[in-house]
Amino acid sequence: MSVWKYEMKKMFIFQKGLLFIILFIILTMASMISLDRSKNPDIEMNASSYSFYLKQVQGSYHKNTEQFFASEADKISNAKVALQEASDRYYDGKMGKDEFLAVTGPMENVLEHEKGFKLIYDQYTYIREHPANRYFMYTNGWDGLLANENLDLLWVVLLLLLITPVFCFEYESKMDTLLLTVQKGTRYHAICKISLVFLTVLILSLAIAGIKYGFYQYKYGLFNGNYPLQSLPYFGTSTKESSLNEAFMWIMAGKLFGSLCFAMLILFVSVCLRKYAITLFVCTALILIPYYGLRLESTKYLLPGPLAFMVSTGFLRGNEYKNNPFKDQMELIFREVSLMSWSIVFVVTVCLSIGMFVVILIRRTNVWNSGLRNHGRKVSTLTLILCMMVTLLSGCNSAERSQTSDSYNYSSKQSFENSRYLFKVDETDLKAIRLVFIDKQTGEKRNFVRNPMPSLTRVENTIFGNGNDVYYMKYDSDKSGVIEDVTRFSIIEVDTTSFKERIIFEKKLSTDKSMILGLSKSNNQDANFYLTISSFFLDEHSLYFIGQNEIHRVDRLTGKMTVILKIPASTNVAFDGRMIYYVNDKSQMVKYDTNTDSEMIIPDLITRFFILTDTELLFLNRKDQQKMYSMSLHDLTLRKITGSSVQEFHCDKQYIYYVNKSDLQKHRMDINGENNILQ
Amino acid sequence: MKVTFKGISKQYKGKYALQDFSAELENGIYGLLGTNGAGKTTLINIFVGILRSDTGQILINDVDARTLGIEFLSHIGYLPQYPQFYKNFEVMEFLKYMCELKQIPKSQAEKRVQELLEIVNLSNARHKKIGALSGGMRQRVGIAQAMLNNPNILILDEPTAGLDPQERIRFRNLITKFSENRIVLLATHIVSDIEFIANQVILLKDGRLLKQDTPQALVEGLKGKVWTVTATEEALDEKLHRLKISNMMREQNDIHLRVIDDEQPDVDAVNVQANLEDVFLYYFGEGEQW
Amino acid sequence: MVTLIGYEWRKHFLKWTIVFAVAVFSILNVLKIYSIHGGNSLLADSSWKELYSQMYGQFEGKITDEKIGKLMKIYRPLEQQTADHTASTTYRNSNTQLSNVYEDFNFYRWSYVNPMKYAYDYKAYAHAVVTTANENIIFFKSLNNGYEARKNAAVAELFQGRTITNFSYTEMYQYYVQYDFSSFLVLLICLYGLMSVFLSEKETEMDTLLLTTKAGGAKTVWAKLLASSLFICSICLWFWLIDFVAYSWIYASWDAASSPIYVLEEYIHSALNVSLGQYAALSAVLKTFGMLFFGLAFLALSYLFRNALVPFIIGLLALFGCISLQEAYMDSGHILVKTMNPFVLVVNRELFHKAEYIPLWGYPFPSYIVALLFSILWGTIFLSGLMISVRKNALRKGGG
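Chains as they are written, first to last, in full-length UniProt numbering: chain A, 1 to 679; chain B, 1 to 290; chain C, 1 to 400.
Extracted from the complex, chain A is given alone in its bound form (with noise of 0.2 angstroms):
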């Protein structure tokens, strides 16, 4: 066997070297598959949509696309309204359903579409600022791939563990004298470890680059590499020229050459210190420190060292400012690295980098062998060394449920009743608006909410009930600051017979405050997402979050988030514990299964709105002149239940209230519809 062959036993067999590195592989394939979000969650749930524009537009800004923005948005528009006027006089029977279903066929066409046309106008809003460089495309695969620039520590820690012995081990050994009196135990083993580390680190380096590569690739796709790397939001404002794959390869270039001065690092510290436990501990420090003690994120771009290259984004990042809310001013968070500092921090790195190569020679060389001309050289090597450091969010608690659920309706979001307590928003002080219980027996009126520090959380007004379990959702702020800030959504769980809380479902919004390190951030587009939640509904296994026209479900073990339903803005909503119901654009009654994911359009019930009870759905009859009708949820009969037509209705347990549309009087009767009197 050769030297090289030697040192390869030893580094892979001996020193766990392979096993460190199926480690890393295998943990770095299991955070990309549990971890990665896509950048913009929204264009994966509006796939289609969104590819139906993007292949319209996609490529460069040019003198149309203005044009076709405009028209598009109008023919939107224009589709809604029309097919609202169809649906009217067809509803109205002023139109015969072939002829309607002629005329809206194409509008829905266009309207299927509308989310999709949303967000490439969001596209088509930033590319507009500087249309010369920045490419309508799809983002999510480059974004994953290129827009971040945080440590892989992971990669750090197995540099560390591969590369601290290869010296260290030999020192261990007390091997290092003995091989300096061997002719290829010199120089020689020095260059042959090197090289091997080198082109380990490089292969391994490659190997994670093509990994990652393939994994964006498999899950998003990496289309248009060639379109210019401003296309990318995050690199927006860089005034780099350079393509999306050259983009790649740069940033993969600086990581290699980054990994291999921290390989150099690591050899020249180990042959210097000789021991394990203060190369390990120079290193980190010098690795660590930088990265998580500057400030501003582009220091570490000045810094001659592996770091700025193992985070090599940053260099292809462009001037970033922040508005300063105390001074009215933009404060610049990030400085884009000149090619003149990229290029002496570069070269310097390089000399620093052959000055520990050089070093490393000159102590693992004998002295005969480094001839008469290197005589009485002294290197401080010292000096040198002294000039160069799981939870996404958190779980939700399994609940134990009783089998039967309460309804729950989005139009009485505010409400819910159980057999012992009304609870509802009190909305008698404007200014200190709250969920109160109404204790139906006595009639007392009590804050829901028992918090006696209610300062830095809002309670939204919104609550959903089941049995004896109400349920409410808060925010939760920072004051670490001078300004506040959101940190946390939460679900909580009252069980209103002792009224004992319970947080169900807890997530983390806050994106920067209150970090120690920032090892555990949000995603800012989930955090958005919560910030713009309107109501929730639940069950056993998830909770149901209405967003703008979206329902979302949350896993409550895992805390994954799909979006199951787009709707109509300003539809009711209703949930029975499995079903649910809402209105769509046609006026249709669509019913949701949530345990199969299947959708069906109740047949000859078309309403502009409806209320989910217990055993029926009560609704404005669209076909019969908005009269309220009740369908039985068991065998799907319909009852009339009004004569006249109704402008607006709600009801309780016991009764429907509901304005008469001739004469706007308010009536009640019981809820099966019998005793209508005069209020």
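Calculated directly from the structure, the hints in this document are not laboratory data. Note that the coordinates shown come from a computational prediction; the quantities given were computed from them, not determined experimentally. Do not take every clue at face value.
Per the computed footprint, the stretches of chain C lying under chain A, defined by three or more beta-carbons under 8 angstroms from a beta-carbon of chain A, are [to be verified]: (1) 282-290; (2) 307-321; (3) 358-367.
Per label pair, the in silico range of CB-to-CB distance [to be verified]: (4) A:N148 / C:E60: 31 to 37 angstroms; (5) B:A161 / A:N148: 27 to 33 angstroms; (6) B:K128 / A:F198: 49 to 55 angstroms; (7) A:N148 / C:A281: 36 to 42 angstroms; (8) A:P325 / C:A281: 31 to 37 angstroms.
Note that beta-carbon positions come from the ideal geometry of N, C-alpha and C, so glycine has one too.
Following the hints, complete the assembly by docking chains B and C onto the known chain A.
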């Protein structure tokens, strides 16, 4: 083969570890004797090229070692002090590894390793991990690796540490056999290791060469200076304080002391034949009394 | 024993590398504090600082109606002028104190009006908390929810009589109580320093020799543990001292030391009724306690291996794991999970900035007590593990 040391000096933090050391070695066994810290290991480290001397030069057959470069290393075999080697290597594997580093052709390496394993009596332990060997066995592995390349100059730093008496005798015989037409430099402070095999003894003290001569000449130089004195228990303390004692033996109520002194230390003192241990004590005995 | 501890200290901690690391890290620490001041302090801008110090004399100390009136007299016109965003932004207008009227408005708003308003309103807020808590006691008793009743009683007692009477400059403490970087540095030093405590004995093969001596077994292990604790405490003391002195020096302020902790808005629901000065000391003690736990964990790790490579990396990963968990549960309502993580002692503002209770045997225990109990539990487990392995090892070696 001839090795010449010319005015070698080495300082650590302003203190001389080796000062103006000059000597000439020709084929034969050289015992390098000195107390701890005398500069033996420093001299060896400079000789094998681990350390750079501050001044002086080493000539090999009148050629400056520096001009020989890496080629010089092919002439030497070296056993460091307290070797540990790779604990997870097998003995055989380790020796083959050293063959590779010493650029011994593969065709010869296997044979040479087998041969040396036989010589150092480790044939049965060839597949044992080095970490599982006793201190003596590990020392024998070290001796074997030093001899792998059939060196012209064999440098052994404390080679008998950890060897049992039988192994020690084997070692001495082996070295004597090996030393034909070669230079063997054997650094130790165990006098018996070199007493019977060294052709010359180099005495080092505080980094300076004190004496270089044959053991016989050194012993001869002490003629009339080694005495035995018999003392009683009561007088022992006084004698211990006053005299340089090389050995002490209790026999019934008397205590026989072996004394090194230029003058007759006592009226009843009897002159006896000196040995190398007496030489060692004569030159290094001051200042380190227990 | 004292002599043994002295020797252990000398063996493992009196190294130039540690001294050098402490020196370099101390400098980095001060630079970091300086950068925090530059990035966050309202008074990092020299013109703001100058104006603040000019006005401070008029408003510091006891909050009186007269001072409030005086401040409002300056602030109200600024508020009116800037309300419709049409005021002039001309630089250094004659009737402005800073660059323009908006900056004047922002200055008074953030530096004086908001903090003084908060301080002034706090008494009423605390009273409201007590009232609500008292109502809750009756309410929960009526529902036979004894735990909640007791918890509210504790809250009522905690908030009873809380008031902020004085106005002072609190920025220094505001950022001081959130400062964690020095803890990270201390942990790195401890990780390095403690690695050698057991490993060096193995490297020098002194472990076997030690077992043959009278005091070389358990007594030496205890000496090592005590010396390590002493080392951790010394490093902590040094860095906490640097933190405090650097903050005080850079923010040029000691004013708020006697103010109650809830003068910081983040601590509006503070679990303690102590002054900021007392809190700084208490927090330092608790941080040190957390460090001791981590030190013990590092020692236990190093005991299991023959060289520092794997234990160092495991220690580092464990540290990052704890920090990551801590960050994930920062401000979380899952108080029990939060308190189980020993790192919460290091970031102990999480335990003190809000009065949080954990039910134990039906009684509400403040979260900081539970966190301490957990740390003691983890510490005991590590210590027992260490002592058991030491004993086993001794028997094995002795038997062999």
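Hints, one by one, checked against the model:
| no. | hint | result |
| --- | --- | --- |
| 1 | 282-290 | violated (count 0) |
| 2 | 307-321 | holds (count 9) |
| 3 | 358-367 | violated (count 0) |
| 4 | A:N148 / C:E60: 31 to 37 angstroms | 46 angstroms, violated |
| 5 | B:A161 / A:N148: 27 to 33 angstroms | 57 angstroms, violated |
| 6 | B:K128 / A:F198: 49 to 55 angstroms | 34 angstroms, violated |
| 7 | A:N148 / C:A281: 36 to 42 angstroms | 41 angstroms, holds |
| 8 | A:P325 / C:A281: 31 to 37 angstroms | 34 angstroms, holds |
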